[in-house]
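Student: Since chain A is already given, all that's left is putting chain B on it; use the hints.
Number of protein chains: 2
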Amino acid sequence: MASRSRVALVLRRTRISTAPSTNPLRPLSQIRWQSTATTEDAEGVAQGTTGTSKTIKFTSETYPEIKRDSKFAEITEDHVKFFKEFLGKEASVIDGVTKDATDDIEPFNGDWMRKYRGHTKLVLKPGSTQEVSKILKYCNDNMLAVVPQGGNTGLVGGSVPVFDEIVINMSRMNQIRSFDDVSGALVVDAGAILEVVDGYLAERGNIFPLDLGAKGSCQIGGNVATNAGGLRLLRYGSLHGSVLGIEAVLPDGTIVDDLSKLRKNNTGYDLKQLFVGAEGTIGIITGVSILCPQRSKAVNVAFLGLESYEKVQQAFKAAKGQLSEILSAFELMDNQSQDLVQQVTKNKRPLESEHPFYCLIETSGSNSEHDNEKLQSFLEDVMEKEIVTDGVVAENETQVRNLWGWREGIPECLGHWGGVYKYDLSIPISELYSLVEETREKVAKAGLMGDTDEHPVVDVVGYGHMGDSNLHLNVATRRYDKKVEKELEPFVYEWISKRNGSISAEHGLGLAKKAFIGYSRSDTMIALMKQIKKLYDPKGIMNPYKYI
Amino acid sequence: MASRSRVALVLRRTRISTAPSTNPLRPLSQIRWQSTATTEDAEGVAQGTTGTSKTIKFTSETYPEIKRDSKFAEITEDHVKFFKEFLGKEASVIDGVTKDATDDIEPFNGDWMRKYRGHTKLVLKPGSTQEVSKILKYCNDNMLAVVPQGGNTGLVGGSVPVFDEIVINMSRMNQIRSFDDVSGALVVDAGAILEVVDGYLAERGNIFPLDLGAKGSCQIGGNVATNAGGLRLLRYGSLHGSVLGIEAVLPDGTIVDDLSKLRKNNTGYDLKQLFVGAEGTIGIITGVSILCPQRSKAVNVAFLGLESYEKVQQAFKAAKGQLSEILSAFELMDNQSQDLVQQVTKNKRPLESEHPFYCLIETSGSNSEHDNEKLQSFLEDVMEKEIVTDGVVAENETQVRNLWGWREGIPECLGHWGGVYKYDLSIPISELYSLVEETREKVAKAGLMGDTDEHPVVDVVGYGHMGDSNLHLNVATRRYDKKVEKELEPFVYEWISKRNGSISAEHGLGLAKKAFIGYSRSDTMIALMKQIKKLYDPKGIMNPYKYI
Numbered sequence: 001m002a003s004r005s006r007v008a009l010v011l012r013r014t015r016i017s018t019a020p021s022t023n024p025l026r027p028l029s030q031i032r033w034q035s036t037a038t039t040e041d042a043e044g045v046a047q048g049t050t051g052t053s054k055t056i057k058f059t060s061e062t063y064p065e066i067k068r069d070s071k072f073a074e075i076t077e078d079h080v081k082f083f084k085e086f087l088g089k090e091a092s093v094i095d096g097v098t099k100d101a102t103d104d105i106e107p108f109n110g111d112w113m114r115k116y117r118g119h120t121k122l123v124l125k126p127g128s129t130q131e132v133s134k135i136l137k138y139c140n141d142n143m144l145a146v147v148p149q150g151g152n153t154g155l156v157g158g159s160v161p162v163f164d165e166i167v168i169n170m171s172r173m174n175q176i177r178s179f180d181d182v183s184g185a186l187v188v189d190a191g192a193i194l195e196v197v198d199g200y201l202a203e204r205g206n207i208f209p210l211d212l213g214a215k216g217s218c219q220i221g222g223n224v225a226t227n228a229g230g231l232r233l234l235r236y237g238s239l240h241g242s243v244l245g246i247e248a249v250l251p252d253g254t255i256v257d258d259l260s261k262l263r264k265n266n267t268g269y270d271l272k273q274l275f276v277g278a279e280g281t282i283g284i285i286t287g288v289s290i291l292c293p294q295r296s297k298a299v300n301v302a303f304l305g306l307e308s309y310e311k312v313q314q315a316f317k318a319a320k321g322q323l324s325e326i327l328s329a330f331e332l333m334d335n336q337s338q339d340l341v342q343q344v345t346k347n348k349r350p351l352e353s354e355h356p357f358y359c360l361i362e363t364s365g366s367n368s369e370h371d372n373e374k375l376q377s378f379l380e381d382v383m384e385k386e387i388v389t390d391g392v393v394a395e396n397e398t399q400v401r402n403l404w405g406w407r408e409g410i411p412e413c414l415g416h417w418g419g420v421y422k423y424d425l426s427i428p429i430s431e432l433y434s435l436v437e438e439t440r441e442k443v444a445k446a447g448l449m450g451d452t453d454e455h456p457v458v459d460v461v462g463y464g465h466m467g468d469s470n471l472h473l474n475v476a477t478r479r480y481d482k483k484v485e486k487e488l489e490p491f492v493y494e495w496i497s498k499r500n501g502s503i504s505a506e507h508g509l510g511l512a513k514k515a516f517i518g519y520s521r522s523d524t525m526i527a528l529m530k531q532i533k534k535l536y537d538p539k540g541i542m543n544p545y546k547y548i
Numbered sequence: 001m002a003s004r005s006r007v008a009l010v011l012r013r014t015r016i017s018t019a020p021s022t023n024p025l026r027p028l029s030q031i032r033w034q035s036t037a038t039t040e041d042a043e044g045v046a047q048g049t050t051g052t053s054k055t056i057k058f059t060s061e062t063y064p065e066i067k068r069d070s071k072f073a074e075i076t077e078d079h080v081k082f083f084k085e086f087l088g089k090e091a092s093v094i095d096g097v098t099k100d101a102t103d104d105i106e107p108f109n110g111d112w113m114r115k116y117r118g119h120t121k122l123v124l125k126p127g128s129t130q131e132v133s134k135i136l137k138y139c140n141d142n143m144l145a146v147v148p149q150g151g152n153t154g155l156v157g158g159s160v161p162v163f164d165e166i167v168i169n170m171s172r173m174n175q176i177r178s179f180d181d182v183s184g185a186l187v188v189d190a191g192a193i194l195e196v197v198d199g200y201l202a203e204r205g206n207i208f209p210l211d212l213g214a215k216g217s218c219q220i221g222g223n224v225a226t227n228a229g230g231l232r233l234l235r236y237g238s239l240h241g242s243v244l245g246i247e248a249v250l251p252d253g254t255i256v257d258d259l260s261k262l263r264k265n266n267t268g269y270d271l272k273q274l275f276v277g278a279e280g281t282i283g284i285i286t287g288v289s290i291l292c293p294q295r296s297k298a299v300n301v302a303f304l305g306l307e308s309y310e311k312v313q314q315a316f317k318a319a320k321g322q323l324s325e326i327l328s329a330f331e332l333m334d335n336q337s338q339d340l341v342q343q344v345t346k347n348k349r350p351l352e353s354e355h356p357f358y359c360l361i362e363t364s365g366s367n368s369e370h371d372n373e374k375l376q377s378f379l380e381d382v383m384e385k386e387i388v389t390d391g392v393v394a395e396n397e398t399q400v401r402n403l404w405g406w407r408e409g410i411p412e413c414l415g416h417w418g419g420v421y422k423y424d425l426s427i428p429i430s431e432l433y434s435l436v437e438e439t440r441e442k443v444a445k446a447g448l449m450g451d452t453d454e455h456p457v458v459d460v461v462g463y464g465h466m467g468d469s470n471l472h473l474n475v476a477t478r479r480y481d482k483k484v485e486k487e488l489e490p491f492v493y494e495w496i497s498k499r500n501g502s503i504s505a506e507h508g509l510g511l512a513k514k515a516f517i518g519y520s521r522s523d524t525m526i527a528l529m530k531q532i533k534k535l536y537d538p539k540g541i542m543n544p545y546k547y548i
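Taken in sequence, the protein lines are chains A and B.
If you're matching positions, the first sequence starts at 1 in UniProt numbering and goes up one per residue.
If you're matching positions, the second sequence starts at 1 in UniProt numbering and goes up one per residue.
Rather than coming from a laboratory, the hints here were simulated on the basis of the structure.
There is no bait here: all hints are sound.
Remember, identical chains collapse to one label, so a pair may be satisfied in a single copy or spanning two.
Using 25 Å as the maximum straight-line C-alpha spacing, the simulated PhoX-like pairs for lysine-lysine come out as follows:
1. K482 to K514
2. K297 to K385
3. K530 to K137
4. K134 to K534
All of these numbers come straight from a predicted model, not from anything done at the bench.
Chain A with its partners taken away, still in its complex shape:
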């Protein structure tokens, strides 16, 4: 943390104020991450639906155009008997086939957003890679469709069944297998919880190279299967770089034993990469080996106000240049997003006056004095050059959390009025915010946005991981409305496509984006992907109706 005297120096010189330590910001935590809500990332909370999972509309009703593939067998008592026999323990099989187990099964049928709901009657919880192998081989031989399920914290409906696919839930495989504190190579079961693993690493001075809002529920296997991005990507890079090895099971029961702990191993095709981001469509990840860096001793957070997106870009460039190796987050939030957060939380905003844009900058490094100096010098520079108008620096852990709350709290607060149309997009940085402005204008012009109840749209907001060119375009509404959807789609996807952006930067495809992949991928690439799917899962039993 910044020492008082150094922060005071910044204050005098640059008008950057510290978050009032005698009267700290009211924590946002009370409205964040309910114990039942599990999210893949900070951008996932609340789609505005309510009620228990039983009241969720079935996916098959929401998307009547998706039909159950008749090639798949229906689950019989014989199938259940087979699984019960070798999985042994009662807790490993939740059987809704031979008896009524609706209450037990529903949590595995529905997603936490309450947007997707399947019809499965069988949940299997294997306890070992061998058991996963035996399950998959049997399902493949008997044409039984399956859905691999980790923490079920995804945002695109990828981890719940659509029809009666068998859920293979990985939560019982949750052990840390090994950790080498010299190399930093960690080997874990796929079902290990991210927060548990990161806690284990913290005790040893290391850090998991990935952080997510859903860390308390999401599982490493799911993180890897969805190539989760999250909050540390700017600093530690993508999982394609940090995952050292994978153990996975193919539909035919083959165990892919690629669980290397080596940082370098140039002996053939790097097949494990295919499983990173495959969303359980070619196999089930059962184990992960990953490089875990040293944990930074010093963390600083600054919250800045800026007058234009032009200046946001200048600040980002300056931060990259001056904070360089210690820059660990550069998050963007527009004023509209902050305004809505305030309306929900009633918290006092971090800066006295309002600005069109805000940035949250985090540094993490090994020497707090050095980091403070770099941050101060950066802040002085951007204030003197009038890139940044106002700012605040956290003085303690509580303030760090509070400042992060103004960024992490956005998704949940947006759900306050009703539904949220959410887009997770990669866009070249120079044009990143234009989409928000154009969308807002379009929705306003159509007469759909306003303060009163006859307007479905509350506001159009933009925020996200500026450091990764990753924008979250969110349209907060009082209710889902076909007229709004018509204004947004295919407009947003076409806009992205023209700029060679990505229609799913970090959330993946799942069921939600399957239909739109053509906006980000050529026919050639899609054909090549289908070839891989067919190679590994020729019968198509793995997570059907989704992905490509």
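Tutor: Using the frame of chain A, we list chain B on its own:
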């Protein structure tokens, strides 16, 4: 660079001395990197053979067990006519089929180590991705085998033909296509030279996330195709993390248009990863998009003497903890390797007295004062704890280069006496050096090592990228000798296999390691790899006789 006063402080406190600035170490550059020698990495120079490429033994003679596959067509005048017609320019086709062009063709037939030599009579130099596509489609349709060739700087014979495979040389495709100075995304032709590209980036304050001894000759496409490791991996990670997109051509002429500039794009299988490290066996990379970080303003180098491998490990752990985000290299050299370098160069060694082990530590960061402070504090700590016995810190660019010379100069100096048996291995750090000791003991016990000419072995040395668990075990010999080989193989491979190490950490498989992949990969993994090969190259025309 370290300021004088600060370095002096270190000196007094810890006995770390500076490299004498009035009498700098004699540069090793005069013996390194001859203009004709091109290397993939610092570990590749000199196998001890001499003479022009024409005097190299044909690969087909060295390995009589490898037979030309009769399924491939022989090149005819008609084939040559086809290529000449659409490739146009004379310089794009080196034709040894319809005329004698031996002198022009030989440089493409032989590798720089003078270890491998093919029989090709046709070299094609396409100027565009479309031309590569047309060439490959024609070759595939006509069962003509091909070898993709970049800078031809590899160490495993992967980039030269074995028999009469057509060489597709990428040197004409050498343009920088675009660079985004905000995101750092660079798009280049596959044939662009690493050093040229890095120079372009340096002018813009950025750095290519890979560095190699062969940078003056090697090409980006070849770097990516071989998943080159090199000197910056510790800091910037593997190419699997930094490559954003790839453009490649499949044997059937399909252009894989996956040249994304986005840091995040979770829309389907990450197929580009298959081409990273595929060594030209499933397609030819024609373009690369890659994330290029900010270039560090400050670089420091320290050269340390240590009394045991135990202490080397302690120093590495301390460096990781204390230098953390600025640690950019931690290289290991044993005394034997330094002794041989000195015998060849006659240079004064950096430290006064001899030590069993030496480490070269490099830091790079954005603030030289901070970096100096961190380095000093680290050095004080490891000296006080008696982990490090003696050390020297470079005071200027020349000294930085000279200290690096004692590391980078090893491979070439080892070739001074004759041939070198070279192994590029990944081993868990705790056991990394044991292999060198065991090998040395084994060779000595067999009476093969000594100072006189009747002993084929001069010495067994170990050095390498400690930071990546990557050991280079080198056996310097006066001549290649079957008795030596028998002591080394399969001993080394079995030793590695037992410890789940890699028999090729960064050099790849090529022809040299094809037979040994089973020591690092299971039968299952090899079968899965063969499946991928068959999927993309069903006729097997791409770089045959190599890889898997």
